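Line by line, the protein sequences give chains U and H.
The opening residue of the first sequence carries number 10 in the numbering used here; numbering runs sequentially from there.
The opening residue of the second sequence carries number 142 in the numbering used here; numbering runs sequentially from there.
Calculated from the structure, these hints are not laboratory results.
Source: prediction; values computed, not measured.
One thing to keep in mind: the hints can contain errors.
What the hints assert, rightly or not - From the structure, some residues in chain H lie toward chain U, with a derived Cβ separation under 8 angstroms: (1) Leu-192; (2) Ile-223; (3) His-229; (4) Gly-245; (5) Val-248; (6) Met-249; (7) Arg-251; (8) Val-300.
The C-beta atom is built at its ideal place from N, Cα and C for all residues, glycine as well.
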Amino acid sequence: MQRIGDSPGVRRLLIVAALVLTAVFLLLPLVAIFAQAFAKGLGVFWASVTEAHTLHAIFLTLAVALLTIPICLVFGVALAWLITRFTFPGRRLLQTLIDIPFAVSPVVAGLIYLLLYGRNGWLGSWLSAHDIQLMFAWPGILMVTVFVTCPFVARELIPLMQAQGSREEEAAVTLGAGGFAVFRRITLPNIRWALLYGVILTNARAVGEFGAVSVVSGAIRGQTNTLPLNVQQLYQDYNTVGAFSSAALLALIALFTLAAKAGLEWRASRRETHA
Amino acid sequence: MSIRLDNIGKHFGPTRALEPVNLDIHEGELVGLLGPSGSGKTTLLRIIAGLETPDRSGTHTPARILFGQRDVTHVHVRDRRIGFVFQHYALFRHMSVYDNVAFGLSVMPRRSRPSRSDIRARVFRLLEMVKLEHLADRYPAQLSGGQQQRVSLARALAVEPDVLLLDEPFGALDAKVRQELRRWLRHLHEELNFTSVFVTHDQEEALELSDRVVVMSDGKIEQIDTPETLYRAPQNRFVFEFLGDVNHLEGDVHGGVLTCGDARLAVDLPDGREELLLRPHEVRLAEQPQADCHLPVTVTAVSPVGAEVRVELEADWLAKPWLASVRHADFEQLNLHRGRRLFAHPRQWHRFADAASAPAPSHAA
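Okay, chain H solo, but in the shape it has when bound (with noise of 0.2 angstroms):
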């Protein structure tokens, strides 16, 4: 079932949580709304379940949700045919695991409600595809995390929903576990072909989890877009400085060069006040200057943990301190220690004029 949205937005009494947006999710998709804290994610799936109302539309267009081809907006939460995954699960504590998936069937109305006995085989289907069926007459308080949050997902797909949604889904859980739980929701998605939106603060987890990316800020939408082409053409500043790591060069361009203390960088931009963006894997480490690069700096720590060794740089010119990751040859090449003193070049650069503009990427020597 697709998903649209028409100016859909939201006032807390004075406080905006979420400007008019449009949104269109297709059927199947796996979306995923990401923002930091305060972005009005939750506020936007919170709309699309129905659990918030939108604001009335002030202008010519009316605020309009869409299942499909059936308008939903003025439809009562229970029965627009969502499945709600909370962030904490919201478990029914005084029922067993197995009354808790079976709730959505059991209130069901008399007629179209199914027998006891196909009720309980249902249960049991779910509770085997979230691989919990020996937990059946547990009660919340005794599961793990992880197990609770399959509990969860198994009682939200019990009624058959439309389109899942899911609220921070790992928010709390561990790393392993979450990993863990990723593939599997991942795997289940691709398995039952639902339209699913999920909310996360994780941009690892929305990049590799979800077949289109909302990139959310400050109740606005900054960027729609495939993981992809988000992290290699981002909009602006900020959906570039929110996916990943980030390092700044702050100067004064004059004659194409940019200075900045006693750091040089040969640029092809005019003159006047400039910051250049680096992400980590865009800076190299030489222990040479080059004729249009001269960016002297400091090795402060060094973790070479994981397929990368991740170097922190410091140098006077530099307010904030820079990283770097570096494989693991020219880790042991460069001979890398704390203290060594090295030099940055950049393979690429990127600036943003405005949080309107249109990206700049630049290369470099």
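Bound-form chain U, shown alone (with noise of 0.2 angstroms):
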């Protein structure tokens, strides 16, 4: 059956401009990031990546996304709740709220978080007092991944358990079940998808980070240098083949968190096809 505007034709030409372009701006860094990787055989490859700075890279990049995830899970699913359950005023400007780490450039949070918590920054200095010191160490890129990713799992949740309304939860609760039973065993369930799909979308973000992580981290090699840090910093070396390793683990790590996803969209769909 034919459509408007389904000329075969413009069908061509569609198609055409849509896989050109995939290819063009998607496809072909992805080939190249590989190829500069193992310019030089699998040999140097798998040296430059383990080498010792690159490996503590790795680490730490890792450690970071486990620490951010909990942390961005505990706040969205809270955040979602008191959302799209409680009337209060002020409930529409925190909705809106929740988007600033969107709008503000990583940059700007990576400064504004130096500014607070560096050596001379407001609290900064009575920490210092205390020998505690967030930036330029772990914590500091910690706290600024989690600033950069927290929105991710409100966002997948707030328009679901909109959507889904509270009926259920209110059943519950007339059938004599505690406020904790109603979140595990109704709410969560109901969710789940979503906050797996919001998990996925933080490690994404967490692992990428670049800018808000690089003006905290002072990127001291072996000790805060994160993955897309040491990116750089090997090319700036002159370093490519080194780069581009880092930089393909890197993709590698996407590749597989876009596989988890579609992975889950395609259980998800066959669950609905099912029920």
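Given two chains presented individually in distinct reference frames, assemble the corresponding complex, making use of the accompanying hints.
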């Protein structure tokens, strides 16, 4: 059947345009990364990946992501619950405020944290007097990473929880369930796919964050260098293969994340057709 | 368990949803809250359940909700021992029918929770009662509306509530299933003898199902009575109009005769503007006018389906068409068809001086 705007010519043109754009802007760079990483053979790639500083960068990146996810999870669920289950003055404002990390440039976010918590910052002088160092150390990296990733879970949950409404939760309460039982047995099962999806997005962003982290980390090799920072450093040192090896690792993590997301979507659609 | 409400009102922000009301529901009674949408009936039901909190009373009488002798005004929903059936069932979509019904038992504190096998036995007894034991493993999305409604009833009854509250229980079902479930609920109510309150906007449903009906409009209770009394002796115009089809006759009374265009009707009323109300079955049709009654009408539609024939009548003197219900025998005798000119004779009419006044039904020849 042919619909309006669906003539064979238009269709072919659109398909070709989509394919060309995808190839030029997405696929080609990805291929280039791996091509560069393996330009001098597998051995050199392996050597640069297992280099001590790079290994530490990998460890730091994954550790920060692992710490960020639970924080964002708790924050996101609490926020979504608050916004969708209660009415209170300032609810709309709060809903807008959630998006601040998306609206603010990560570099600006990093600078604000530096200003607040750095040695000469407002809170930083008190902190340094108590011998607590947040900036140019891993806690600072964690803080800015949480800042830039905290909206993802809440943004996934809010529309879903709004659409589902609170009827099932009310029903559970009338049947005698306590607050925790309602959350564990009714709310959580209903939002678990959106929750997982939020976690995947959070993870992708946490691993790849550059701007905010570069401001607060100080990029000390073997101490506060994350994978994205490592890429930049190695590249500036004219170590192209090393830079691209780290970049290839990041790309691999991204591809793995995408695969996980696609798998989830596939499972969710299968569940829907079955139910 | 009887239910008693004292001075229960509710505002949502500046909007008044419910004027302070008093209501007594006897043990074992099945009471219908009837009213148009926005009349406050669902709010009242949710306050009884504890899903909404009533306003704090502004007068000397405190706002109170009693279940039997137990003051539950400040008792949380989960401890009120109520069964609540939601308008769109609110079944747990990720749980099987069995798990839905077992939910209330499975969240009981460990001390009082029945054993696994006891829960199983109880759930299957309930599923048998609602005739769904063969669907225990299904998920809500795989059931029809009527089946979902029965699951939600079984789920509410599983915790052996003191009172059963139902919010528009049959609203989303088609007419035939609704009729069947209604009869079934009435039966169940008589068998188990719990106190139930249900909300509906369907007057037929309220009149058929309830021991007593609470008619509400605009956040107020208009009348509380048995279905018979309500239909025969409505206390005000709102109740009269809400409980069935109504024909209006508006005109000027002068010297005992109400005139409206070329229509005349002898009435025993003082001079002035009057509006008389008639039910469709109170309109008789004849080929000739009478001395004290001259109401010429033209038949515009005839619907011979059901126990009586419903006839739509129009006339120059009528702002809105009248409805008359005629016996099938009269239908044939009068040779009713579209375009036929006849005369209407009120068997009886009603008038309400104003919303608060007592009813004053009167008879015409």
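Comparing the hints with the structure gives:
1. Leu-192: This hint holds: Leu-192 of chain H lies near chain U, its Cβ roughly 6 angstroms from the closest one there, short of 8 angstroms.
2. Ile-223: holds, 6 angstroms
3. His-229: Hint holds; His-229 of chain H Cβ to chain U Cβ min 7 angstroms, cut 8 angstroms.
4. Gly-245: holds, 4 angstroms
5. Val-248: holds, 4 angstroms
6. Met-249: holds, 6 angstroms
7. Arg-251: violated, 12 angstroms
8. Val-300: For Val-300 of chain H, the interface hint holds, since the closest Cβ of chain U sits about 6 angstroms away, which is under 8 angstroms.
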